[in-house]
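> Chain by chain, the residues run as shown.
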Amino acid sequence: MSVLLIAEHNNKEVRPFTLNAITAASQMDGDVHVILIGNNCGDVAKSLSEMPAVKKVLHAEAAHYENYLAENFSPLVVKVSENYSHIVSSANTFGKNLMPRIAANLDISQVSDITKVISADTFLRPIYAGNAFATVKSTDVKKCITIRPTSFEPCETSGGSAPIEKIDATEEFALSKFIKREEVKSDRPELGTARVVVSGGRGMQNGENFKLITDIADKLNAAIGASRAAVDAGYISNEHQVGQTGKVVVPDLYIAVGISGAIQHLAGMKESKIIVAINKDGEAPIFSVADYGLEADLFEALPQFLEELNKLNSIQK
Amino acid sequence: MKILVAVKRVIDYNVQVRVKEDGTGVVTDNVKMSSNPPDDNAIEEAVKIKEAGKATEIIAITVGEEKSQETVRKALAVGADRGILIKTEGIVEPLAVAKALQKIVEKEKPDLVFMGKQAIDDDCNQTGQMLSALLNWPQATFASKIEIKDKTLEVTREIDEGLETIEINLPAIVTCDLRLNEPRYASLPNIMKSKKKPLEILTAADLGVDTTPRVQQIKVEEPPKRKAGIKVASVAELVSKLKNEAKVI
Numbered sequence: 001m002s003v004l005l006i007a008e009h010n011n012k013e014v015r016p017f018t019l020n021a022i023t024a025a026s027q028m029d030g031d032v033h034v035i036l037i038g039n040n041c042g043d044v045a046k047s048l049s050e051m052p053a054v055k056k057v058l059h060a061e062a063a064h065y066e067n068y069l070a071e072n073f074s075p076l077v078v079k080v081s082e083n084y085s086h087i088v089s090s091a092n093t094f095g096k097n098l099m100p101r102i103a104a105n106l107d108i109s110q111v112s113d114i115t116k117v118i119s120a121d122t123f124l125r126p127i128y129a130g131n132a133f134a135t136v137k138s139t140d141v142k143k144c145i146t147i148r149p150t151s152f153e154p155c156e157t158s159g160g161s162a163p164i165e166k167i168d169a170t171e172e173f174a175l176s177k178f179i180k181r182e183e184v185k186s187d188r189p190e191l192g193t194a195r196v197v198v199s200g201g202r203g204m205q206n207g208e209n210f211k212l213i214t215d216i217a218d219k220l221n222a223a224i225g226a227s228r229a230a231v232d233a234g235y236i237s238n239e240h241q242v243g244q245t246g247k248v249v250v251p252d253l254y255i256a257v258g259i260s261g262a263i264q265h266l267a268g269m270k271e272s273k274i275i276v277a278i279n280k281d282g283e284a285p286i287f288s289v290a291d292y293g294l295e296a297d298l299f300e301a302l303p304q305f306l307e308e309l310n311k312l313n314s315i316q317k
Numbered sequence: 001m002k003i004l005v006a007v008k009r010v011i012d013y014n015v016q017v018r019v020k021e022d023g024t025g026v027v028t029d030n031v032k033m034s035s036n037p038p039d040d041n042a043i044e045e046a047v048k049i050k051e052a053g054k055a056t057e058i059i060a061i062t063v064g065e066e067k068s069q070e071t072v073r074k075a076l077a078v079g080a081d082r083g084i085l086i087k088t089e090g091i092v093e094p095l096a097v098a099k100a101l102q103k104i105v106e107k108e109k110p111d112l113v114f115m116g117k118q119a120i121d122d123d124c125n126q127t128g129q130m131l132s133a134l135l136n137w138p139q140a141t142f143a144s145k146i147e148i149k150d151k152t153l154e155v156t157r158e159i160d161e162g163l164e165t166i167e168i169n170l171p172a173i174v175t176c177d178l179r180l181n182e183p184r185y186a187s188l189p190n191i192m193k194s195k196k197k198p199l200e201i202l203t204a205a206d207l208g209v210d211t212t213p214r215v216q217q218i219k220v221e222e223p224p225k226r227k228a229g230i231k232v233a234s235v236a237e238l239v240s241k242l243k244n245e246a247k248v249i
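Protein chains in written order, with full-length UniProt numbering: chain A, 1 to 317; chain B, 1 to 249.
I should point out that these hints are in silico values taken from the structure, not numbers from a laboratory. Heads up, the beta-carbon is just placed ideally off N, CA and C, and yes, glycines get one too. Each hint should be verified, as a subset may be incorrect.
[Unchecked claim] Covered stretches of chain B (in silico footprint by chain A; criterion: 3 or more residues with CB under 8 Å from a CB of chain A, positions within the stretch not fixed):
{"#": "1", "stretch": "4-18"}
{"#": "2", "stretch": "59-68"}
{"#": "3", "stretch": "153-160"}
{"#": "4", "stretch": "164-176"}
{"#": "5", "stretch": "182-196"}
{"#": "6", "stretch": "217-225"}
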């Protein structure tokens, strides 16, 4: 049996977490087929077929597939699911929205947000916002799995030549309609995949002071994060939120500035490779997870930090 | 319009969760329990819709052990009109919860079903989507804004790229994000009054729903501990450590 991986894309390009999901899928079974559902997305089919881990691309096109509504996607995945042992997607808002709809239609108890493939039916997954890890074994004949993208390396993107098989579209689900999408455009790396993240918390005191964070992020080619407190206070928009209710990030370097380290924030960043905390309260819980802690007033420390970075001959990108 | 709101009793979000020494789960004895935070947003939204004169009845429902009544009572104190407890034992997976809710939806015929987008215990994020699949209804997940139109809802959803707006026909399922609204606290008089509101108790077996888990929990462990870090004395030392010791900049 083979694994069916549901590609996330924007009809022009494959979205990056699909690459991590392909790696996870190939650990369940080497025969990974990718299903691409979209509208005028031939270029995406071609780039998927060039990924060496992909053995076949199933490609369906229809106007009502343009905006990835779960109500339109799930009947098609259910229809082709017969020959597959696993159906896999990433556990971001795309996969979280879609996979349970497929699983329920197939009468499968889904395993969400896995961080490790132990065997074809056994997986590791965080529970309680990462405060515990459960090893779970699915007893369903078929498995529906979503994977935590940051726990798997992205797959290779060139060198393969998988066949592309056109498949028929299913009918439109007439009761749900897409209206609009407001994407936040940025020249910075995406928060979910950035190598370096600089985050600000309530200690920033207002939105304008985030300029201090931005300057350092520019220098380090970093994404900008924030605690829920900073978002709720209106200092910065919500797509920057790191934590249990925001994004989970696993960068090489995470710099937490003016963030006390509430449980729900730690859940979103404590797997980062190196954590730096800058906070004037030496007792702040953030220091308990920091590799390097600096007890200082951020309004003095951040300008000095920028100055020190400027002195360096080179900075990794 | 009739609104069904599903709620769940979970370990309070401020509690530092501890894993049991025998690896069978997490410690729940003598631990503070509360309603799942985004379920509070779901109840709040339903109450606001009723206050605006657009809903006539709110039913709060939970699937869980006997003590889960507390969570339904809390919803009643905030403004739900009546409650339902579907009694179960042990771990109940989202698919089984969705099947139990489906039976109630078929009986009560609500126009809208609200619930939180995710429970903060098992972090599954499945039940709402599964219920809409079983009913073949439209779904609006991770809702941060809901506008009721004539026979449709316009819902703004929190997605990774930003915000998405969809329009869905009623009846429909909406799963609520924490940003949807600011849940109110129940006043003491309303808590007293809620004790007199009707609360129906059923079992999953009464509804003909099999809740046997399909996913075996083999063991539960502590997350890997981070090695103890150090405090640096100055910004210069910090930058030097990041460059020469951690080699990340």
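> Within the assertion that chain A covers the stretch 182-196 of chain B, do at least three residues meet a Cβ-to-Cβ distance smaller than 8 Å?
violated (count 0)
> Quick one: see if chain A covers the stretch 164-176 of chain B, three-plus residues with Cβ-Cβ under 8 Å.
holds (count 7)
> Verify the coverage statement for the stretch 217-225 of chain B against chain A, using a C-beta to C-beta distance below 8 Å and requiring 3 or more qualifying residues.
holds (count 7)
> For the stretch 59-68 of chain B, do three or more residues have a beta carbon lying closer than 8 Å to a beta carbon of chain A?
violated (count 0)
> Are there at least three residues in the stretch 4-18 of chain B whose beta carbon sits under 8 Å from a beta carbon of chain A?
As far as the stretch 4-18 of chain B goes, the hint holds, because 5 residues have Cβ atoms under 8 Å from chain A.
> Given that the stretch 153-160 of chain B was listed as covered by chain A, double-check it with a C-beta distance under 8 Å for 3 or more residues.
Contact hint for the stretch 153-160 of chain B vs chain A: holds, 5 residues under 8 Å.
Violated hints, listed in ascending order, are 2, 5; each of the other numbered hints is respected by the structure.
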